[in-house]
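A.B. asks: Let's have the full structure, built from the sequences with the hints guiding it.
Chains as they are written, first to last, in this note's numbering: chain A, 25 to 283; chain B, -2 to 96; chain C, 4 to 634.
It is worth saying that the hints were derived from the structure and are not from the lab. Take every hint as true, because none was put in to throw you off.
Over 12 Å on every C-beta distance to chain B, these chain A residues come out as not near it, computed from the model:
hint, residue
1, Ser206
2, Arg208
3, Ile212
4, Phe215
5, Ser219
6, Leu220
7, Val238
8, Asp246
9, Pro249
10, Ala250
11, Thr257
12, Asp263
13, Leu265
14, Asp266
15, Glu281
Which chain C residues face chain A? A few, computed with CB under 10 Å, are given here:
hint, residue
16, Thr608
17, Phe610
18, Ser613
19, Val616
20, Leu619
21, Ile620
22, Ala623
23, Ala627
24, Thr633
Here the structure is a predicted model, which means the values were calculated and not measured. Backbone N, C-alpha and C define an ideal beta-carbon position, used for all residues, glycine too.
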Amino acid sequence: MQPLLTIQGPEAALFWFLAPLSVAAALGMLLVKKAVHSALLLAWVMITLAIFYIAQEAVFLGVVQVIVYTGAVMMLFLFILMLVGVDSSDSLTETIAGLRPIAITAAVGLGGLLVSLLGRATLGREPIGLEIANNAGNVQGLAQLLFSKYVFPFEVVSALLITAALGAMVLAHHQRTNPRPSQREQAINRFRSGSLAGAAGLPGPGVFARHNAVDVPALLPDGTPAPSSISATLKARGDVLDSGQFQLDNVDTTVVEEK
Amino acid sequence: MSLDNYLYLSAILFTIGAVGVVVRRNAIVVFMCVELMLNAANLTLVTFSRINGTLDAQVIAFFTMVVAACEVVVGLAIIVTIYRSRRSASIDDASLLKR
Amino acid sequence: MTMVTNNGLVYLIALPLFGAIALLLLGRRADKWGHLLATAMSAGSFAVGLFQLSEMLGRAAESRPVTQKLFTWISVGSFNVDASLLLDQLSICFVLLITGVGTLIHIYSISYMSHDPDRRRFFAYLNLFIAAMLLLVLGDSYLNLYVGWEGVGLASYLLIGFWNQKPAYATASKKAFIMNRIGDMGLSFAIMIAFASLGTVSFSGVKEHSHHASEATMTAIGIMLLVAAVGKSAQFPLQAWLGDAMAGPTPVSALIHAATMVTAGVYLIVRSNFVFDAAPNAQLLVVIVGAITLMFGALVGTAKDDIKKALAASTMSQIGYMILASGLGPAGYAFAIMHLLTHGFFKAGMFLGAGSVMHGMNDEVNMRRYGGLRKFMPITFITFGLGYLAIIGVPPFAGFYSKDMIIETALNAGGAKGIILGSVTLLGAAITAFYMTRVMILTFTSPKRWDDNQHPHESPILMWLPMVILSIGSVISGFLLYRGEALKHWLEPLFEEHGEHTELLPPIVVSGLALLMVAIGVAFAVIKYQLSEVDAVAPENVTEFTRVARRDLLQDDINEALFMRPGQAITSALVKIDQNVIDGAVHGIGKMALGSGSFLRKSQTGFVRSYAVLILIGAAALIAAIWVVTT
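C.D. replies: See the structure below:
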């Protein structure tokens, strides 16, 4: 039987170029230590898949993949990673005994079965191609199906979306369990805490300093730079200016702390 | 090259995602592996739509994407809530259901 | 043989049955007059019986039997049983005995039970008994007889356990019912065998078939009927219940366990004469049972100090005589019935006398605490004495004629059997004389052994009048039934004569021997009790025989050892099996579930990732299944 669809050369080339890349990215997502790197590798896999969709004449789906999946979902992942801990990393040693070999065996078995099953599924089936289905355009064709045959699942899924949004709001809502301490109470707590050093609040950047830049550390009463007055990021980057340049000479900076 | 290669690719991606769910301990990475599995399934659907010549499978893939989005929203909200109370994102710590 | 239909027969049963139902349903409302209604019903039934007798006397011998069909009872395929009544020469004797003695005992009970708040219920049960016993003797088939049979068993249970507040009395009534039940099984089997092999259960039908049925079938039916008779008439080996049945009120002992119910077995055997005549082996068994029981009852009676139990043992022994006579074939049937009728008079009279003595002695039953009551209760002494003379067989009182005829028939039975049976009956007569004299002496003529808080007095008229009437019967009934072979000719049409009679000894010699035995027995008793000191408390150092006889010749011990303890052992073994094996299996399943649960629980580690692996493995298995199925 004459196949209705033959895969042209360019598409084959595209496939053979991108497919190994996506597999490598997926493996990398599995193996890297930092979570942010995993997220970025996954984003790459999704873009690859979007390209595949467009190559397979599912234009609408490809675009939606980029916009919704890569754009919204993966960005959401990155936001949460930021909240939860960017530098939180897993050690790669396994805590549950024997889990890794079992998992790899099962997964490899699953993969093999899937491959053979899928291969059998297409035996004797010649690809028809989407020329005719996409006659009026891919979006129109999808719309035709979506609002006639699949309108009920469509409505149900929209209800699901609303529910999910509400659910997220409920889960993220942080309700105080004890009443918010008033100003007076906060002040009392500050004075009753361990030392009076924090009674007036932490010094902001530039306090006690002769320079009010963010990257100049404040000076403690005894003249040494206060480490808590500089953002840790700047410290990590080494962007801190030496406050010695702005030091006052011969200042009596002794103090007796009174309780 | 036949269209079967896309199917094999999706099978491989699915497998990798499955291993990742089991092996990784960070809750968010586990979630991302689940997303990988869903995407592999989508690829299968789109390929079959091309083989069969109808757009039904693409509609299903579309619904899958919507549902995956909802799932990600709720799941991540849960993870954030757990993180807020327990200060840890490792899923091994949520083991109170043991015997 | 077509029979005349008489529609008055049903009233015989209907009157006392109505009395019973009315008294039971009306409850406390009938307390004031219930006993009078019951007595009236019983008397009415007696009147109907007399009327039937007068009609029957006027007819020729062949047309004397009358029937009445009440309704078609069972009609299933080839099995047809009608609820019909049959009144023939044999039944009329019983009808008059039951209703006559029954009415007298009703009258007696009005006074005897006057202090009892449940008197109405007592009379209801008495009427129920009369109705059931009449149904027994009026039934025209074994199945109809069975209904009455069961009915009297029920009435006996209700009446023995009348004062069931005392656990011992309730146990006694249970014991009577259970042992009766064993006998009833015999009757059931007999009916079943009759139906299975002969196809009919009516008396006339079985009689027809008895001529050409196999001897084996007839023997089987006969043995089963004997088992039934043994149970109902307290013969060996089912005799243990009669002594304990004295727990019931004395009128009950008089009516049921002396005159009527215990004679139902004799009625059954005589009614089934065609069966036994066709099965000589069964007949032999009958006489053996009768002979054993005769001696058993006599021996037990010699050691009993309780007046009612002594009279019960005497009843057992006298019925042994009747059964023995009924096993002697056509020659003996009439004499069995004659002894039955005379025994009804004198035994009921003696029981009522015992009740009168108990009434006067504040319900004391131990004869060792009586003594010298002749002066205080003259009427009782005279009536009891007349009954005593009748039972030991002194001429011209009733027992002389009936018992002597039995002894004579036994001796004439031929061969070794005749000599053995004759000797047994003669010996029994001696022992009977001994223990009855003992009762008389201990109660009435020996010096008094009671103290001053007893005030013996004569009973009221409602109590001594029936005793007097019955004692008149004890005096004249034997002579009336014997004279001119009246009873024998009366009953002759029912039996089939065959064989000739051998005569071992002339009748006058037999009578002489019997009187000699009686004299020996009386002499022994007089020497031992009248002329020597009698202890107020039963002495301990007695012979082994006395000890055994006091324990009813160990009948309860044997029953317990042979039947009760093995039965209990089987029951407890079954209970153990139920608990350990069956319940154990059920519990075991539960334990298995628990065990496997705790084993499987180990997979609940709590780690999400282990669960994820399990899901993965499950998915792989599913895909593998699909893969296999679609190959």
